[in-house]
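Throughout the sequence shown, residue numbering follows mature numbering (1 follows the signal peptide of the UniProt record, and there is no 0), covering -21 to -1, 1 to 299 in sequence.
Treat each hint with caution, since some may be false.
Claimed, not checked - In silico DSBU-like pairs for lysine-lysine, Cα to Cα no more than 35 Å straight-line:
id: 1; residue 1: Lys221; residue 2: Lys206
id: 2; residue 1: Lys56; residue 2: Lys91
id: 3; residue 1: Lys34; residue 2: Lys143
Simulated from the structure, these hints should not be mistaken for lab results.
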Amino acid sequence: MAVNFNMGFAISFVIIAAAAGAWVVAAQSSKEIIVKTVKGQKVCDQGWECKGLSKYCCNQTISDFFQTYQFENLFAKRNTPVAHAVGFWDYKSFITASATYQPLGFGTTGSKLTQMKEVAAFLGHVGAKTTCGYGVATGGPLAWGLCYNKEMSPSQDYCDEYYKYDYPCAPGAQYYGRGAIPIYWNYNYGAVGEGLKQDLLNHPEYIEQNATLAFQAAMWRWMTPVKKGQPSAHDAFVGTWKPTKNDTLAKRFPGFGTTMNILYGDNVCGQGDVDSMNVLVSHYQYYLDLMGVGREEAGPHEVLTCGEQVAFNPSYKSSS
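Model the full assembly from the supplied sequences, consistent with the hints where possible.
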């Protein structure tokens, strides 16, 4: 029995009886897809990359539409001799990290277009925050993402004693910026470490030693709301977040602009047309082009930017 599986190819199914419901095993080249109906909803398991019977795993996985050569195109200059993290970042570390979050919807939510746009948006943040590109840099300023994996000349150790009970600073530890979307401050290392089940509070250096962990930390931040009752960057981008009246009055709408608000607040947003915001937007648009989606899919100005948005969490002291 040949069935179209919303992936543009025919799949032969072998039906296996199971007490909890009807299991379906699909063989497509080297990929085996398990399909099950639970409470009337189709859920799937696609092996190591999207594992655990999730509705999101019924869509294409990230490696189906974003492959090694595209990663190389997006981050073309990361291993040049003048880069600062030569040999650290690679496609395998990205796709391995994403396997943790694809069953939760990262890069697997909605249509193929939405999936591709989310990967471009996430990597747009990554590229902009790790770039060493500048105006006349070889290949252009947008070709230098993943140049860094850590802050090169920290001005302080980023230990905030206000959080000494919840996230006490470890003796000798420095909580300067590290990672794909850099983490700063002891309280952020503590929270991310709890999310990843890694002792980052005592060992913040793990982030600059392991590219998969560095990508996972960035994905955890992308998928996790800063505060209860607020959307994650993922929710805001794919449209599962529905703005309240207050959000609308604050000019916060689903899209790339609000992901900047969630991740950086008024360090980037609510300041009009500033460079810190435009660099992020430019990387996202550039990656959409390189992935074959096209920057025209980024949406109108009010969705793409956050220059007029009120911050979800206005800064008041040390910030990330």
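Hint check results:
no.	hint	in the structure
1	Lys221 with Lys206	holds, 16 Å
2	Lys56 with Lys91	holds, 28 Å
3	Lys34 with Lys143	violated, 41 Å
Going down the numbered hints, you'll see the structure goes against just number 3.
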